[in-house]
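Which chain is which? The protein sequence lines are F and R, in order.
Heads up, the first sequence is in numbering that gives the first Met the number 0, so the first residue is 0 and it goes up one at a time.
Heads up, the second sequence is in numbering that gives the first Met the number 0, so the first residue is 0 and it goes up one at a time.
Hints were generated in silico from the structure; no laboratory data involved.
You may find that some hints are simply not true.
Calculated pairs, DMTMM-like style, for lysine to aspartate or glutamate (alpha carbon to alpha carbon, straight line, at most 25 Å) [as the list claims (entries may be wrong)]:
{"id": "1", "chain 1": "R", "residue 1": "Lys105", "chain 2": "F", "residue 2": "Glu265"}
{"id": "2", "chain 1": "R", "residue 1": "Lys86", "chain 2": "F", "residue 2": "Glu265"}
{"id": "3", "chain 1": "R", "residue 1": "Lys230", "chain 2": "F", "residue 2": "Glu162"}
{"id": "4", "chain 1": "R", "residue 1": "Lys86", "chain 2": "R", "residue 2": "Glu135"}
{"id": "5", "chain 1": "F", "residue 1": "Lys13", "chain 2": "R", "residue 2": "Glu135"}
{"id": "6", "chain 1": "F", "residue 1": "Lys292", "chain 2": "F", "residue 2": "Glu126"}
{"id": "7", "chain 1": "F", "residue 1": "Lys243", "chain 2": "F", "residue 2": "Glu265"}
{"id": "8", "chain 1": "R", "residue 1": "Lys13", "chain 2": "F", "residue 2": "Glu217"}
There are 2 protein chains.
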Amino acid sequence: MEKEDLLACHQRIKPFIHNTPVLTSQLLNGMVGASLFFKCENFQKMGAFKMRGGVNSIMQLTKEEQKRGVVTHSSGNFAQALSLASKSLGVPAYIVMPSNAPNVKKEAVKGYGGQVIECEPTLEARELAAEKIVNEKGATFLHPSNDMDVILGQGTACMELLEEHPDLEYVITPVGGGGLIAGTALAAHFFGQNCKVVGGEPLEVDDAYRSLKSGKIETNITTNTIADGLKTQLGDQNFPIIQKHVDEIIRVTEEEIVTAMRLLWERLKIVCEPSCAVAFAAVQKEKNTFLNKKVGIIISGGNVDLGNLPF
Amino acid sequence: MEKEDLLACHQRIKPFIHNTPVLTSQLLNGMVGASLFFKCENFQKMGAFKMRGGVNSIMQLTKEEQKRGVVTHSSGNFAQALSLASKSLGVPAYIVMPSNAPNVKKEAVKGYGGQVIECEPTLEARELAAEKIVNEKGATFLHPSNDMDVILGQGTACMELLEEHPDLEYVITPVGGGGLIAGTALAAHFFGQNCKVVGGEPLEVDDAYRSLKSGKIETNITTNTIADGLKTQLGDQNFPIIQKHVDEIIRVTEEEIVTAMRLLWERLKIVCEPSCAVAFAAVQKEKNTFLNKKVGIIISGGNVDLGNLPF
């Protein structure tokens with residue numbers, strides 16, 4: 000990947016995304032002893048950075064492919080992102096979701112124009128269901144995180160952040176499937192001034208931490224975390240980028256995630272997902288690393304159930 | 000008041016305030032059939048637009064007056080605003096608060112450097128306590144809303160909104176003591192292109208609605224509203240401006256306020272007070288007035304107790 004690929008990607012998706020605002024808080028700065036710049040992708044269209052990768056991956060298909068549609072399996076933000084991105088671009092979207100996915104998630108996908116295909120809640124069933132759509136409709140399967148066009152799209156959030164604050168010394172993102180941190184790492188590499196990239200990861204799903212240590216993709220042993228967006232695994236497209244360009248992964252406990260989440264709500268006045276709080280919790284945990292530094296934090300999304308808050 | 004007074008005020012306070020972001024939501028636009036532009040003063044320093052008027056009113060004092068300090072009685076956002084504004088400007092701030100005010104409010108004032116003076120929870124007691132500070136310390140009393148310098152300061156939020164979106168056809172604010180809507184009305188008059196100003200007010204505290212009808216300042220009969228920032232009364236400084244420049248006051252029920260508040264949290268992904276939701280609820284209620292119009296909405300503040308949400 001080259002600088003030009005990211006620039007072209009940003010130009011391409013610009014009409015379909017928000018350039019989200021960057022918030023600051025003197026109080027939070029004081030608490031951690033650093034200057035924090037929160038890139039608020041919770042204000043992105045459909046409420047998460049995933050819109051960026053969704054739009055880019057569809058736009059990179061041929062007209063013929065676009066006509067036949069796209070398919071993915073996800074019950075999270077990528078399902079909604081692909082649905083809204085498809086709607087914006089006039090492309091059919093087929094979203095395979097487990098039958099036990101919350102109704103509000105299914106309704107959100109339908110609300111954005113996606114077609115929900117229900118399947119049994121097993122990995123095998125969802126892969127079979129997606130394959131069936133590929134075969135029957137000729138639709139293109141798009142992976143939520145292990146896809147170079149998705150990775151480039153996700154990287155544009157960090158590009159915008161660095162356009163506004165070129166002298167950031169760190170950028171921190173949560174780590175789930177690895178698409179966001181890989182894209183961020185590329186953006187920081189090409190557009191930062193020696194800007195390091197750090198990941199925040201729940202101790203409960205520390206596959207990225209262990210993978211960086213061992214040098215190969217490790218799988219999650221437990222997935223018992225409130226940060227439901229981060230339960231996914233790294234893939235062979237994003238892992239090499241993470242290996243090459245990510246400085247460190249900091250792991251945080253469930254309690255640290257909830258405390259950080261509440262602080263973001265109370266002090267930044269934003270509604271954000273537990274997954275976002277993981278990145279901020281990492282800064283709180285390793286204050287010494289970031290002392291007196293300029294630190295960007297990607298607030299990844301804001302799709303949270305207000306009826307089920309952890310505080 | 001002239002255009003130049005507002006321009007000078009904005010220049011004066013700029014170093015001490017945030018130019019807050021303006022958010023949009025296609026989904027909310029679709030729901031009301033208008034183009035909405037939310038000016039997010041919940042992201043203002045200390046979490047509310049009151050910072051603007053607080054800073055301006057202190058900066059308009061002489062050096063001698065500033066040295067002797069400022070005093071107000073408030074248990075709401077103006078208490079915190081005056082405390083932080085005073086701290087930013089190196090001025091002592093004395094805040095008279097009723098002894099039964101929530102501890103979190105007293106702590107917030109102290110956290111921003113204000114000196115809390117407790118009094119019995121009666122109007123008489125708080126006025127006496129404030130008078131005592133004026134006499135003993137030579138401090139200047141500043142009113143939260145019925146003060147021309149405060150009004151001008153609050154108007155700068157609408158100025159910034161119109162700088163970004165000059166062609167707004169309406170701007171809507173909640174109405175409490177009248178400082179925000181009066182300042183907004185002046186800003187819209189001087190900087191808008193035929194931009195109308197509308198107020199949202201809880202039915203439970205509809206003094207502004209009734210005052211506009213009768214032509215004189217009416218008092219509230221009940222104050223039984225969740226929008227605790229709006230229980231205050233209009234004053235003789237702001238009422239004439241409201242009479243002259245405000246188009247209409249729309250009243251909303253408590254249920255409409257809570258529904259609107261939840262929508263703002265869920266869809267805009269922002270933490271905002273019930274008082275802010277009153278302005279958005281007014282647009283939802285009188286959809287026909289705003290159909291296909293460009294409408295600015297001032298989100299007034301975000302200081303809300305997460306442990307005590309109405310949903």
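So, going through the hints one by one against the coordinates:
no.	hint	result
1	R:Lys105 / F:Glu265	holds (16 Å)
2	R:Lys86 / F:Glu265	holds (21 Å)
3	R:Lys230 / F:Glu162	violated (43 Å)
4	R:Lys86 / R:Glu135	holds (21 Å)
5	F:Lys13 / R:Glu135	violated (60 Å)
6	F:Lys292 / F:Glu126	violated (44 Å)
7	F:Lys243 / F:Glu265	violated (36 Å)
8	R:Lys13 / F:Glu217	violated (51 Å)
In summary, the numbered hints that this structure violates are 3, 5, 6, 7, 8.
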